[in-house]
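Can you build the whole structure from these sequences, using the hints too?
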Amino acid sequence: MNASCNSLDAAGSRREFLKVSVAAGGGLLLGFALPRAHAAEHAESALPPFAPDAFIRIDRNGAVTLIMSQVEMGQGIYTSISQILADELDVDFSRVVVEAAPPNDALYTNGALGFQVTGGSTSIRVFWMPMRKAGASARAMLVEAAAATWRVDPGSCRTANSEVIHEPSGRRLSYGALVDRAARSTPPKDPTLKARKDFQLIGTPARRLDSPDKVNGRAIFGIDAMPAGVKFATLRASPVFGGKVAHVDEAGARDVPGVRQVIVLDDLVAVVGDHMWAAKKGLDALQISWDEGLNAAVSSEQLFNEIRAASDRDGVVAKSVGDIGKALSSNKIEATYHVPFLAHAPMEPMNCTVHVRPDACEIWVGNQVITRTQAVAAKITGLPLGKVLVHNHLIGGGFGRRLEVDGIAKAVRIAQKVDGPVKIVWTREEDIQQAMYRPLYFDRLAAVLADGKITAWRHRIVGSSILARFAPPAFVNGMDSDAVDGAIDFPYDVPNIHVDYVRQEPTAIPTCFWRGVGPTHNIFVIESFVDELAHRAGKDPVQFRLDQLQGAPRLRACLELVAKKAGWGQTLPARVGRGVAAQSVFGSYLATIAEAEVDRNGEVKVRRVVCAVDCGIAVNPDTIAAQIEGGLIFGFTAALHSQITIAKGRVQQNNFNDYRMMRINEAPSIEVHLIQSGEAPGGIGEPGTVAAAPSLANALFAATGVRLRQLPIDRDALAGKKPA
Amino acid sequence: MTNLRINGQVHSVEATNDTPLLWVLRDLLGLTGTKFGCGIAQCGACTVHIDGNAVRSCLLPIGSIQDRAITTIEAIGDTPEGARVQKAWLDLEVVQCGYCQSGQVMAAAALLKSTPHPDDADIDAAMAGNICRCGTYVRIRAAIKQAAGAS
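Chains as they are written, first to last, in our numbering: chain D, 40 to 763; chain W, 17 to 167.
Worth flagging that the hints you see were computed from the coordinates, not collected in a lab. Virtual Cβ for every residue (Gly too), placed ideally from N, Cα, C.
Here are the simulated distance ranges between beta carbons:
no.	chain 1	residue 1	chain 2	residue 2	range
1	D	604	W	131	29 to 35 Å
2	W	131	D	206	54 to 60 Å
3	W	75	D	287	25 to 31 Å
4	W	24	D	761	55 to 61 Å
5	D	193	W	136	54 to 60 Å
6	D	246	W	94	20 to 26 Å
7	D	609	W	79	57 to 63 Å
8	W	136	D	687	40 to 46 Å
9	W	56	D	398	40 to 46 Å
Here it is in structure tokens:
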């Protein structure tokens, strides 16, 4: 499947297209509107409140094309959204074709985030109801068209497999035969949705639409784009953040066969060649000296000292219940936690293919924010938006990295100097060292126990505000709602709770979202400290949590189920432990039990993980299980192996040799148990990642008695060679 | 000019002998199914077969290949092991983003050719060189076992 799209139309002209009308190719086009909860906070707030957002297209031959506002980056969203649309539409799922949407915030806004974006485990949560309505609305129009053709009551017709059937007479008409007539009817304002018992695709493990081409090499990712005449380039930016090029000696590069061009910009150097190897060899042959600027002395130690010092400042209050001052006045238990910078390292390295012409710019890329891609290219080239054509592609791993357009900007600036299309591919080293990073966070916690329960809970979160840069209107009164996400949703029945946030930007280091965003860090801290408190109270960690989850029945049910399925309480061998973590984030509830073994050297083997999930209606249960499995591994990778460190203003890690990934020989067995639910669907792309570190850290405590309050895990501490 | 025998066809390519096969496949021949991941043989995304054995193409100079048979993901389905692996991958829905899966399928097909009934240790040894950032390892293991069972 080549998920490409085209739109040279300006945003406005495209919108006209949306009224139900006969499409250019012949067929029914249907638009639908989404509620836009936070739209007013966003810069695009001039948009009408109920702008249409996505399409179903049915051709005269009956082919059904579903246009995907959300990008496919492995989470299975093309399939899940198609299941929702196709179920309400009653079309033959095997004949559905999906198409990536063009950039258009007016049509494809993500109602939770206010623009066209895939992230934050929002896609199903936001698009669930609008997609159902779109499907149901189109279906109603097709039924009306058939009923009018037959001069019968629409109520006497039913639909199945892309056909309208008139039951009393046995007559049938295919959707394809009805599109012209259906296109002339008015979409119902409030279409009748299917009852849950009538779902045929929703709730089934439908086959992923993108899988076949991904096992035979035919899937086209951004890096695979091959416009005619394309050249290949690779780049090196100042190794010190914020540095500039001082001087480049190009002599060596010019002797490399296949090198076509050396491009020197103020902050980076690129070499263009007939293929990537020529470009890379050419780049390596350059003698580049850098003006390292103000950040040449920045170090991890300095950044840690700064963030720890910032934790002494009072923060902006995110949540306050009861009287925390009074509640903490005696018998206070305190701890500090911290987590490192992380790179995303998606398997598809950053890349972007660009063709800049005097009158237009064409881009081939896979990106989670396609309208921002278009906008940044327009800004750099000075072209109007409508002259920037973006072909979005399947994404070879996003994890938040492709929510950013820093790479697009660099690629367009390079391409401005090239005659013809050029594919710019980051080496893995450049991908890791010139990235944007999950922020460093430092947390202070304090709590009081009485009668085996928590009576006071204070949590201070210190770290970068990603939202302040990413979506400035969402950063209000110093509060970053992402940084405290999960912390303000503290699920336990505690009468005195106080959560505050101190913004501390790390000198020189750019920060951005990373899979699981705020909750990945907060749930690690919270569930680790809750575990500490359980042990201080002399209680079983599962029972301690259950006793204080009266106000969170769905989470409580997950915890009960996971304890049963995991066999919690069984005797384990020496140096094997089990840890539990509970969370209610991204609209989904998870309880997770990890089992890990620690050898005498502190090496850790995660043996088994059991997870109970209540994510509301499970659109595709197999995809949900896959997201939990993969999300857990993503989180274990970080907990076991990952940190980006800084010395002399530079990232010290290079490639997968020193920025390690979990491999198959380290992967645990994983069991996912879904709780049947009729609640609205929750997000599922990130919860698994969130669950990994806290369940593992608690298992390591159970195995060794060593409490790890920082990540990645410290093997020397686990081996007893040094204090944690 | 170097002649390479790829998927049963001889291709003449203009690149220096030190050029890794990966870039010849991708950039000169348009066989983009083979992926670039790290460039230092640490991730396995670029895995191809040379005479049926799994090899990382990102570090394999074309000058060293001579007339040995190169098989890429685009043609692995024509081999019995490749076809079984692809089917098992689909049956168990292994794939997420899919970027690493060309390399995973190639590594698994080579494993089944040399070891038709691999145990967990065989799977670890053959597949630990292939990183999947989406974390599909649990299903990769199960799919290899299923493909082996289907032989």
